[in-house]
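Undergrad: Sequence:
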Amino acid sequence: MNPVKVSVIMPVYNTAEYVKDALACITHQSLSDIEVIVIDDGSTDNSYQLMQSMADQDDRIRIIRQENKGQSEARNLGISLATGEYLYFMDSDDLLDKETFSVCYAASAGNDLDLLFFDAEVFGTVKNTLNLTYRRAHLMKEGIYSGADILEALLKNGGYRASPCLLFIRSSYLKKINLTFHPGIIHEDELFTFYLFINAGRVSFINKPYFKRRLRDNSTMSTGFSRKNLHGYFTVANELIKFKYNLADKQLKSLVDLRLRNMMYSLIYNSRFLKIKDRYYVLGHLLFQYPQYFSIKNTIMLIFPWLQRFRERK
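Residue 85 in my numbering is what sits at position 89 of the sequence shown, and the numbering runs on without skipping anything.
Calculated directly from the structure, the hints in this document are not laboratory data.
The structure presented is a predicted model; accordingly, all values stated were derived computationally and were not measured.
Check each hint, because a few of them may be wrong.
Unchecked claim - Derived DSS-like pairs (lysine-lysine); straight-line CA-CA distance at most 30 Å:
#1 293 with 246
#2 152 with 293
#3 246 with 273
#4 271 with 246
Claimed, not checked - Each pair of labels, with its calculated beta carbon distance range:
#5 23 with 288: 45 to 51 Å
#6 299 with 223: 17 to 23 Å
#7 79 with 292: 50 to 56 Å
Ideal Cβ placement from N, Cα and C applies to all residues, glycine included.
Can you make the complete structure from the sequences, with help from the hints?
TA: Here it is, written out as structure tokens:
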């Protein structure tokens, strides 16, 4: 029996208001040869009941329930169960264009790709205060690249996005590099996506906003920055530094350094609104553990955030 073409992995935690729409945009894909692995990560609302009613009508949907372990553990369970030629990670409150899998499968299989990525649009009831943008057509051309070359271009032109929902991944490639999501942290995508790109032999880009990112209250994207975020960032930084020390290739080492500098800037920028004691906690970590990855200008922004807000209002 041949494997399905695409395995979709969707963790769910208390998204009853949105999960039926998210699941429907997967089951209504024009490419029907798929399996949908839904991991109910300990939901306490009626998400499971809503999904089960859909699974009763569609045998491509498989629902696994577990106690709450977090998104990384849920995705990793999905990876272990997936049988498809390609993998796609869906978020349970977002949407996806119905042609996504058809186009991505044809491009990936036809060009022997390890990884394919595309763009997104942002929608929702929460104001896009982070000015999130996922459009990169003006930054690059469609084509086939090595993972390192396209990663370098994305990091240098500001087009790098860590969300795995923008990726279409060859399953055999993921198994070859033995990659899973780092458990127990947020910002786990930062590690996963970076490793996917830097190790890939053949990568391509489709200039279409197939993914629809919903901004809503109480989501990871819209909730305030906290110590939890700091822990995630610092864990990712430490893992990247360990990864770098095992590299011999100068280009790859420089890409790790570039990503760490970009990430530390994001960390400092997002830490501006923390309490003063938390900002000094960040500063201490930067000074003693990552001094080569931030600047004096960044330090001033962290200690005197009102200066940055003043500049942004000008």
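Undergrad: So, for every hint listed, does it hold in this structure?
TA: Verification of the supplied hints:
At most 30 Å may separate the alpha-carbon atoms for a hinted pair to count; residue 293 and residue 246 meet this at roughly 27 Å. A C-alpha spacing of about 19 Å is found between residue 152 and residue 293, which places the hinted pair at or below 30 Å, so the restraint holds. Straight-line distance between C-alpha atoms of residue 246 and residue 273 comes to about 38 Å, which puts the hinted pair past the 30 Å bound. A C-alpha spacing of about 39 Å is found between residue 271 and residue 246, which places the hinted pair above 30 Å, so the restraint is violated.
Distance hint for residue 23 and residue 288: a CB-CB separation of about 48 Å, consistent with the stated range 45 to 51 Å. Remark: the range hint 17 to 23 Å for residue 299 to residue 223 is upheld by a beta-carbon distance near 18 Å. A beta carbon spacing of about 52 Å between residue 79 and residue 292 agrees with the range 50 to 56 Å that was offered as a hint.
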